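Here's the letter readout for the chains.
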Amino acid sequence: MLIKPEPSLEDLRYIVAKAGLDADRLLKAYRQMCLIRSFEELIADRYYIGKTPQFNMAAGPIRGEMHLAVGQEAVAVGVCSLLEGGDVVVSTHRPHHHALAKGVDPKKLAAEIFGKATGFCRGKGGHMHLFDATNRFACSGIVGASFPQAAGAAFAFQKLGQRNVGVAFGGEGAANHGTFAETLNMAGLFNLPLIIVIEDNFFADSTPKWAAVSTVHHFQRGLSFNVPSYLVDGMDFIDVYRAAKEAVGRARNGMGPALIEAVCYRYRGHFEGDAEEYRTREELERWRALDPILRLGERLKRLGWADEATLNRLRDEAHREAEEAIRFAETSPLPEPQEALTGVFR
Amino acid sequence: MRKLRGIAFAIAEAIDQEMARNDRIIVLGEDVTYWGAVFGFTMGLFNKYGRDRVVDTPITEQTFMGMAVGAASVGMHPVVSLMFVDFCGAGFDQMFNHMAKNHYMSGGQFPMPVTVITAIGGGYGDAAQHSQVLYGLFAHLPGFKVVVPTTAYDAKGLTITALRDQNPVIIFGHKLLTGLPFLPFEGEEEDVPEEPYTVEFGKAAVRREGRDLTIIAAGLMVPRSLKAAELLAREGISAEVIDLRTLVPLDEATLVESARKTGRVLIVDEDYLSYGMTGEVAFRVQAGALGSLKAPIQRLAVPDVPIPFSEPLESTVIPSVQRIYEAARSLVGAGAAA
Chain B
523 MLIKPEPSLE
533 DLRYIVAKAG
543 LDADRLLKAY
553 RQMCLIRSFE
563 ELIADRYYIG
573 KTPQFNMAAG
583 PIRGEMHLAV
593 GQEAVAVGVC
603 SLLEGGDVVV
613 STHRPHHHAL
623 AKGVDPKKLA
633 AEIFGKATGF
643 CRGKGGHMHL
653 FDATNRFACS
663 GIVGASFPQA
673 AGAAFAFQKL
683 GQRNVGVAFG
693 GEGAANHGTF
703 AETLNMAGLF
713 NLPLIIVIED
723 NFFADSTPKW
733 AAVSTVHHFQ
743 RGLSFNVPSY
753 LVDGMDFIDV
763 YRAAKEAVGR
773 ARNGMGPALI
783 EAVCYRYRGH
793 FEGDAEEYRT
803 REELERWRAL
813 DPILRLGERL
823 KRLGWADEAT
833 LNRLRDEAHR
843 EAEEAIRFAE
853 TSPLPEPQEA
863 LTGVFR
Chain A
409 MRKLRGIAFA
419 IAEAIDQEMA
429 RNDRIIVLGE
439 DVTYWGAVFG
449 FTMGLFNKYG
459 RDRVVDTPIT
469 EQTFMGMAVG
479 AASVGMHPVV
489 SLMFVDFCGA
499 GFDQMFNHMA
509 KNHYMSGGQF
519 PMPVTVITAI
529 GGGYGDAAQH
539 SQVLYGLFAH
549 LPGFKVVVPT
559 TAYDAKGLTI
569 TALRDQNPVI
579 IFGHKLLTGL
589 PFLPFEGEEE
599 DVPEEPYTVE
609 FGKAAVRREG
619 RDLTIIAAGL
629 MVPRSLKAAE
639 LLAREGISAE
649 VIDLRTLVPL
659 DEATLVESAR
669 KTGRVLIVDE
679 DYLSYGMTGE
689 VAFRVQAGAL
699 GSLKAPIQRL
709 AVPDVPIPFS
719 EPLESTVIPS
729 VQRIYEAARS
739 LVGAGAAA
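Line by line, the protein sequences are chains B and A. Heads up: take any position in the first sequence, counting from 1, add 522, and you land on my numbering. Heads up: take any position in the second sequence, counting from 1, add 408, and you land on my numbering.
If we strip away everything but chain A, and leave its shape as in the complex, we get:
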């Protein structure tokens, strides 16, 4: 056990340990050698495994995603870096029409063990084409497992689970949780075992227990919700905070149980508001806990606009601690905050 700061090193360590165990794992993508996939998810692997197993590709998302599909079909387990999730547009056909579907379309003949690791989120001024979250897009499409680690412990365990899964798994690592020196860090240093371990998919984590309302979140919105819960506690409002950890599969049972207990649910999301995670989670929660709900489910997300550049604009659209706090406060009937 030692202290780790952020998810980037934890993910890289998980890949390293699985690469040592499984020689079918190969890393490919843009800048995965010297730059560790820019956001650190492959840091150190090049020095240890060399270019044979850590392969820089040309900037051709559709082709390296397609190569991952082809390599997986003959027994490799490619780990593909999609530098920013915003770049999925350039590789999307190979992802959603092939990677996600070939196992189903082939009647189960072709497994598709591909792990895609991508950086998500804003809050540091990278604007509309480098700040999106977009996990809702992938969660919508059948065939992807959608993993959103918040803590270093989860990042390592979930990545190892992904690397032992025979299905396409996409790991969405938030840039402000990476712990890299050139970015703000909103996570916490924490104890992470050095030895390999797994974290099961489809098990949400109750990060803070509470009685008055449930806040459901993923990624960066988890630490922000925890900070909001601190503010609420000062006013005697007890908020339970749940970290989804994986959107697909989704741990409906934990969400419903919490909603039945608190009777009030706020869903916080850094993805776009409409037709996304908040709507889906709200539907599932009401289906299981309608009789216990004391108020309509509330949600806070990016209000259906692209992520703007200028700081006051960006802060307006990405849910902040303050706005989570206000939304929670208003949900429990404490009135709007000043």
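Bound conformation, chain B alone:
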């Protein structure tokens, strides 16, 4: 347990019921988190093809930087499982878990990461610039850029009288950017249907939180802008979901913005190839003991809603789906070179 004690079975039942969760929803969330985990691990596996023994970012089937979100699945699924198709998510340089949780097609996602013509962006975006108009998903490789854009979508929903919400994800590093404070001010001022989610994984690239943040937590900053703010255990799907349900429900019903700070941990480096001098193996192992998939699985068993066989089946199903996505990407054609010269203007 990270922030709160592990509930007794009786309390767990109470918390789950209170959050409007049931066996079906929890099993679905479990499978979704497994899909993200498998997807990210398979991407990592393929990423290193051609990059060993000499690490060369330009070599192999996946070029460029790679930021994976293994360990942060509960935050993405906890928030996005509450969203509708018309809601907007604006993500970050670490976007795959948010994209999958928002419901984008894993095949097109993988294809874009591989730079293939079948990717969402026809190979023009890549891993840090993923867009899916159908599911209203966007992201940016620029830290801090997501907040105002999700606020803009929320602003539009408010103007258009649509019951949709905007969700911006950002890391605890992004929360030190001016856009974070500016957007909180704007959201509080205009009562925007906006949820800002800070994935506090303790490290902004390589810079530990103690070296970069003047306060302890960023949710404190939201309060000063009159934005209801939550601190949740980002390694606990149920805890994230509970806060997000309140936040999304309030925003959807015209009651304004919220900030959710989810304390979590990334198991892999900031980017693939990161030497990770800034943390110890022991620290990583302590966090792995809090693994969100493991914990949700245990709770499903305690609640009597799944046995080991059920969990294995869901994990295998999710893994196969991720593998199919990767296979689709690998067997898809590269874009025609002329594609590069089209699409600046509509």
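Check the hints yourself; a few may be wrong.
As the list claims (entries may be wrong) - Some chain A residues flagged as far from chain B (calculated, every beta-carbon gap over 12 angstroms):
| # | residue |
| --- | --- |
| 1 | Gln425 |
| 2 | Tyr561 |
| 3 | Glu598 |
| 4 | Pro601 |
| 5 | Glu608 |
| 6 | Val614 |
| 7 | Arg616 |
| 8 | Glu638 |
| 9 | Ala661 |
| 10 | Ala690 |
| 11 | Pro714 |
What the hints assert, rightly or not - Cβ-to-Cβ under 8 angstroms is the rule here; a few derived chain B residues that face chain A:
| # | residue |
| --- | --- |
| 12 | Gly647 |
| 13 | His651 |
| 14 | Ala672 |
Hints are computed from structural coordinates only; laboratory data are not their basis. This structure is a prediction, so every number in the text was calculated from the model and none was measured. Heads up, the beta-carbon is just placed ideally off N, CA and C, and yes, glycines get one too.
Fit chain A to the supplied structure of chain B, relying on the hints for placement.
Okay, now just chain A, sitting in the frame of chain B:
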């Protein structure tokens, strides 16, 4: 038809008429209500449409530019006021990394119908951080259409075109062409239709026909070049003056045709000299008209210094009628003026 003085009211009227036609258009930025975005580009809109559609924002360029990106991605057409173009620094990431790129990066999935209106230029003592032009910066970056209206007629028609465009368009309105009572005015009163109309992007206007040289300019440099052409005419030098109207898209054909006719080209720009509009236009003109050129292309622009405050200093760096006249005269071989 009635007479209008300057581009400010013409732009505001264009926005008004499009807002009436298209309820997806919303105006946001600093001081866009009571002050009409300071330089008048949104004057009158607040009284007519109220705060629901004309929205004052906090002084947060990066956030309101980013909000425009987000709002455009779900079907709005934001009109964003960037009070002075000099303030683009505070909002630039959202402009050049997102507004200009999201359509391309998304493989065409996300249109970006955003119209940014900004005030440019010096000549009234506002110094280095409130007098720049900077359109070259935006024209350099793929993804922006760059509009520089000179006349009230163009200002209205180009703004309506911008508001019907699905791409980011930046309208650079020169402060000395706004026609506002608190600023010098170097434009002319002119007839402007009351009904809506469009002016096509990528079509330069030949403001004065001539035989001996072509002067290419944009914004305030157009009326100054026309005045210089008057002086040249007194000496029997016939100057053609071309108003670019839009830098992106650029009307290469009209420029090349004129260069082939006159054989001499002077490019006048209120932006910085190096790596900017003058160099780009010169390159395109020579590529299309080299065989017809009788002399190397000349250019006159702000000589790579910030805009200084004191009047004699400011006048030294921003091209004046006199210096345009002298440069043109020397280009046609009439020798340096006294």
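>> Hint by hint, where does the structure go against what was stated? Just the numbers, ascending.
In response: When the structure is compared with the hints, none of them turns out to be violated.
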